Structure formats: C-alpha cells, structure tokens
Amino acid sequence: MPSPLLSSVLPIAITFLFTCVPTVRCWVATFPIAKLDPRHLNMMAPQTTSHEMELWLDKRQAAKSVAGDCVSIIAPSRLDFVDAVIVDEGDDQNPTWAKKLYSVKNDRNDGNRPSKLFRRGDNQPVGAIVDVSTPSGQDTALGLVGSVEWIVVTCEEDRDEGWIMIPAENLISSCHNTGTKIAAFVDRVGDVGGLARALELGIDALCVDAVDANENEDLWNALIDAKEERKANADVNNADDTRGGGTGGGLTDPSGPTVVQGTCQRVASSGGKSTVLADRVCIDLVQSLKPTEGCWIGSSAKIMALVLSEAAQSSFVPSRPFRVNAGPVHSYVVMGDGTSTKYLSELSAGDEVLVLAVGRLKVEIRPCVQVGLFVPQSSLGREENASYGQVFLQQAETVRLGQTLGSESFLRITDLEYQENVQASDVLLRVTGLGTHVGKSYSGKVSER
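Quick note on this note's numbering: the sequence shown kicks off at 49 and runs consecutively.
Be a bit skeptical, because a hint or two may be false.
[Unchecked claim] Listed next, the in silico DSSO-like pairs over lysine-lysine satisfying Cα-Cα at most 30 Å (straight line):
hint	residue 1	residue 2
1	K164	K229
2	K229	K390
3	K279	K390
Hints are computed from structural coordinates only; laboratory data are not their basis.
Fair warning: this is a prediction, and the values are worked out from it, not measured in the lab.
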C-alpha cells in the first residue's frame, strides 16, 4: 500500500505534468501501452481550406501621392480590390479608401534584418517583412511563426537565384494552427498562381508594388483572377461544410492524431516478392525503453504502427532496450512534439522522437517485409470506407508491434505469414487525416500509397 504522503503528492505531480509540461504530457499520455487512451492523442484540430485571399498594395515606392487620399498612379476602379495598403513610417498621408493600413519601420533592404510592420492608427506591431530568398532568411521567417499576426515574405535576390515558392510552402505548413498568416510580394505573373494555390491552401495575401500594379496590366489581372478564384472556392467549400461534405474525405476531419485498434497482414509487392532488401534504420535512444514502449513508424504519416523497442528478453541475442528497429530509410517517425514527422533518413543524433532523444542511428542492409495496416470503418467515426496504410520492417524476431489497447501484448513480424485467406492480426495504429509537408501537418489533400 502506498504511504499517505505519496497518495497526497502523486495527484499533484500528475496534474503538473499534464498542465505545465507539454512535451512530458505527450510522453506520459502515450506510453506505456497498458495506460494508453486514444483520447490522449487528440492534440490538433484541422485547419480549414475555406479562406479567401487578400490583395495588398505597397505604396512606398510610388512616385507620388495626391490630396493625401489616393495613390495617383493607381486607377480608382482598381482600388476596390485592395484590402490593405503598406506605407512608410514617415508617410503622413492616410488613404481614406484603404480598408487596412500598415506602416513599415526599417527599410526592407536594410541588411538581413526584417522590417517591422505596424498597424497605422494605434501603432501596434502586427508582423514583419522578411527576405526569404536565402536559407537564413527562411530561418528568420520560421522563427517568427506563432509570435506575429503577419509574416510578409519577399525575394530580394535575383529571381534566377533566389527562392520564394518553396519557402512560402514551408511557411504555410509551419503556420498551421499558430495564428500567423503569410503574405508575399509578387512582381511576376508566373508566380501568382503558384503562391495563391500553394499546398492547396495558398498564402493569405498577395502584395504588389503600386508602380507594378499600374504598369503591368497582366500582373494586375492575374492578381484579381487569383483573388476571385479563392473567393469562389471558399464559397463552395463553406457550402460543402454546411452540408457536412467537407473537402477531404477519408480521415481528413478528425480532431487530431488518434490511436485505434486496427489489423495488419503481410503483403507482397506487385512483383510477387514478399521480402525486399532495404537500408534499415535502427534508432538508438539515449535512455532505455520498456518492452511496451517504442516509436510510431509508417510509410504514410496518416497511418502508423507502434514499433516496440528491443527490450524483450531472448536466449539468442542480448536485449537492446534503447533500440527501436524502425525499418527502411523512407519511413516516417513521429517527433517529440507529437505531431510533426521526419523521414528516418533525416534523423540525426540529438533529435527528439516522441519517446526520447536520439543518440545514434545505425543503418544496415537487411531483408524487410511489407506489412499492410488496416483501419476499420468503425474507428473512423462516420460513414466511410476502411483506410489502408503500410510499413516495411526487418524480418527478425526482435521486431515487434504493439497489438492491443490496455494490454502488453505484441506481435512479432516473423509471425506474419504471406498467404492468401490468412486472418489479419490485431495491431495498434495511430491515424490522422492530415498529411505533411516537410514534416509539418497541414490540411491539404495528401495521398500516400
């Protein structure tokens, strides 16, 4: 029997862990298997794709203004499409037609420092303008995610050398559920569609220099077309949501990653091979695991299996309680935040997976088998067909899968037979409807087969 002191202190300690230490909360809620509850994995709500795109006008480089009320070089008929205007900090003229007005401190060409964006009127900071044409610029922008309302990206480098499309995609996926929105400067017609539709979600605003807006008719028309296309798509998507249709289908609209009871079977490739040679990765962690602990691994980020540690005792080989034999280099592993993923090939010493920090990665060529993962329709929570994923794992007795909620049962990979009409075996699965981009979850349609 526990002492009265322990009985009084333990609830307080558990409450602290679950409310004050998010990283520890993920670990405690997920392991060991005997205490695993699917509700503990509901960490993230999906982001809607039904949002319109704003059009911003940058007045700073305009040749002149008139009457303090309108940018002289912009036709009045075009101003109705503009949602916000950017002016210099010292510009004392406030266009009365502007729906939103932002001012900039620090010239955007001032070294590598981002320019600060303020809301004109109350002078409240709302974001920054960042040159993302270099890796360091992208890192600066990513560092602002979650701390500002707007990140306005630009490409100051030669467009043949600088990058903006990939950094924009990376920022879109990183801003998921953070409250930060992305705007992008654009001066080429060919960039408009790519930015407006990036990752199916698109950025939140396109910004054009007032001079370019007046002189480049094709650019302006492309901006208006993109804005109207996004509005039309938002109207359609909102109507679908009202009818309960949504935009994704399958597992696209859960409340977040969830652990369910599924089944698995060994399957063969289209060429009939049941075993393949692969660059297999062992994840060696900095602390030992229990036999019921491991990592979530899968060929798809949407359906993953719990690959247990090599802590089980055997008379043939010494146990390796710090090791998870995770399969080939292409597989995903869930990281320490409980939502993002990395390819096994990207892991390095010092990274944190959902359980512990990585101490070493051991890559060897080993025979692996393909294991099909099946999510039953009853686990999806609505009228849908069952979903399917797969994972490749080394053909060895030491490789085991977590099998049943509320127990310490496991399934050895070598117990799976490749035969027709073989009954599927129970297995624990982590499922989510959100795909990933560079390891970050987002709500665009992603199919991984």
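Going down the list of hints, with the structure as the test:
no.	hint	in the structure
1	K164 x K229	holds (15 Å)
2	K229 x K390	holds (24 Å)
3	K279 x K390	violated (34 Å)
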